[in-house]
Structure formats: structure tokens, C-alpha cells
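Novice: Sequence:
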Amino acid sequence: MKTIPYLLIATRFILAPVFLFLACFKANDSRLLLVILMYFGLLTDIFDGIIARKVGVSSEKLRRLDSQTDLIFWLSLGGAAYLLNPELIKNEWKGIILLFAMEALCYIISWLRFGKETCTHAWLSKLWGLSLLLALTYVIGFQKTGWAFDLTVILGLISHVDVILIILLLPKWQYDVPSAYHAWKIRKGKHIRKTVLFN
1 MKTIPYLLIA
11 TRFILAPVFL
21 FLACFKANDS
31 RLLLVILMYF
41 GLLTDIFDGI
51 IARKVGVSSE
61 KLRRLDSQTD
71 LIFWLSLGGA
81 AYLLNPELIK
91 NEWKGIILLF
101 AMEALCYIIS
111 WLRFGKETCT
121 HAWLSKLWGL
131 SLLLALTYVI
141 GFQKTGWAFD
151 LTVILGLISH
161 VDVILIILLL
171 PKWQYDVPSA
181 YHAWKIRKGK
191 HIRKTVLFN
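Counted the way this note's numbering counts, the sequence shown spans residues 1 to 199.
FYI, nobody ran anything at the bench for these hints, they're computed from the structure.
All C-beta atoms in this analysis are idealised placements derived from N, C-alpha and C, irrespective of residue type, glycine included.
Among the hints, a few may not be true.
Unchecked claim - Only pairs whose alpha carbons sit at most 20 Å apart, straight line, appear in this in silico DMTMM-like list of lysine to aspartate or glutamate: (1) K90 with D150; (2) K116 with E87; (3) K126 with D176; (4) K144 with D70; (5) K54 with D176; (6) K126 with E103; (7) K144 with E92; (8) K116 with E103; (9) K188 with D176.
Said to hold, decoys possible - Label pairs and their calculated CB-CB ranges: (10) Y181 with K26: 43 to 51 Å; (11) L37 with L88: 16 to 24 Å; (12) Y181 with C24: 42 to 50 Å; (13) A104 with L37: 35 to 43 Å; (14) L112 with K185: 17 to 25 Å; (15) L168 with K61: 18 to 26 Å; (16) L168 with L88: 13 to 21 Å; (17) A10 with A101: 24 to 32 Å; (18) G115 with L33: 16 to 24 Å.
Build out the structure end to end from the sequences listed, making use of the hints.
Specialist: Okay, structure coming up:
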């Protein structure tokens, strides 16, 4: 049981090249399979954390590995979406550049402050992940962007601001911080009870 969280993370990592491989075919069947595997990947992301806590193997190492695998997972899906719908993605270049810039800024600030990458698993980041899932479903499955993509950009901006505030408020590096409010409480020396959503 203790190896299951690592296997689920490894599964998500292996899915990354599979997404890009399927996108090269540009067929309706590959689009459907991509969407199915994307949702399967999300389930592995949900259950790796739940199982890790149940069997007592949740640790800094596991959470950092989970965060970096998530990044690879979503980047590969973004790459697959571009291979399947280059014009759609190019039309949304402003929002995409904004999201990439915010993600990079989170990493830069975290490295400058703590010498480590960010690993907050914040609530707003999880909400953004769900909106990203919806947007990619529209792009890959239905070849549309529209409101789903706009929602993803807005939530992405808000969630990244929250992560930056968490990094700036924390007195020392810490993983699994639900929000900037919780980081402020930690800064004030107050103990917080971690209520984890999803993973």
C-alpha cells in the first residue's frame, strides 16, 4: 500500500509523453482517448495524496514529487492541445503568456526566498486545476476555447497571486499551505489544522 502513491504519481508522469504521442495523430479517436486519459490522470492526482495520508507516507519528498509531476502533466496536455489546435491556441496567446509568466514568477520568488520550488497545494490552485481541466476538455474534445478558457485565465491569475502571497508571508518554506490567510496565521505563530481538498 505504501508504494501506491508513488505508482500513481509515476502513472501521471508516464502519461505526459503519451499525450504528445496521441496528439500527433490528430484524429477524433485520439482526441477522445486524450480526454479520457486526462480525467484518469486527474483521478491519480486526487488519490495519491489521499492514500499517502491513509498509509502514513505523506512527506515533503512525496509532495514535491507530486507538484513537479503535476507541472509536467499539465504542460504536456497544453502541448497536446497546441498540436491538435494550433490556431486556437495562437489566438489565446496573451492569456497563455500571462499564465506562464505567473507560474515562472512563483518559482522565481520561491527559489529566491527559500532555495526551493513552491509546493503549496493551495485551495485556489486546485480550483484553477479544475478550470484548466474544463478548458482543455473544450479545446481537445470540442475544438473550442470561449468562456472555459477565459475562466481558466482569470482563476489562474488569482491562484498564482495567492501562491505568491503565501511564499512572501511564510517565515520558512513549507508545503501544503491552503491559502495566503493560512500563511499569515503561520507567520503570526498560530498553528493551523490542514484541511486538504482532493490531494
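Novice: Which earlier hints can't be squared with this structure?
Specialist: 2, 4, 13, 16, 18
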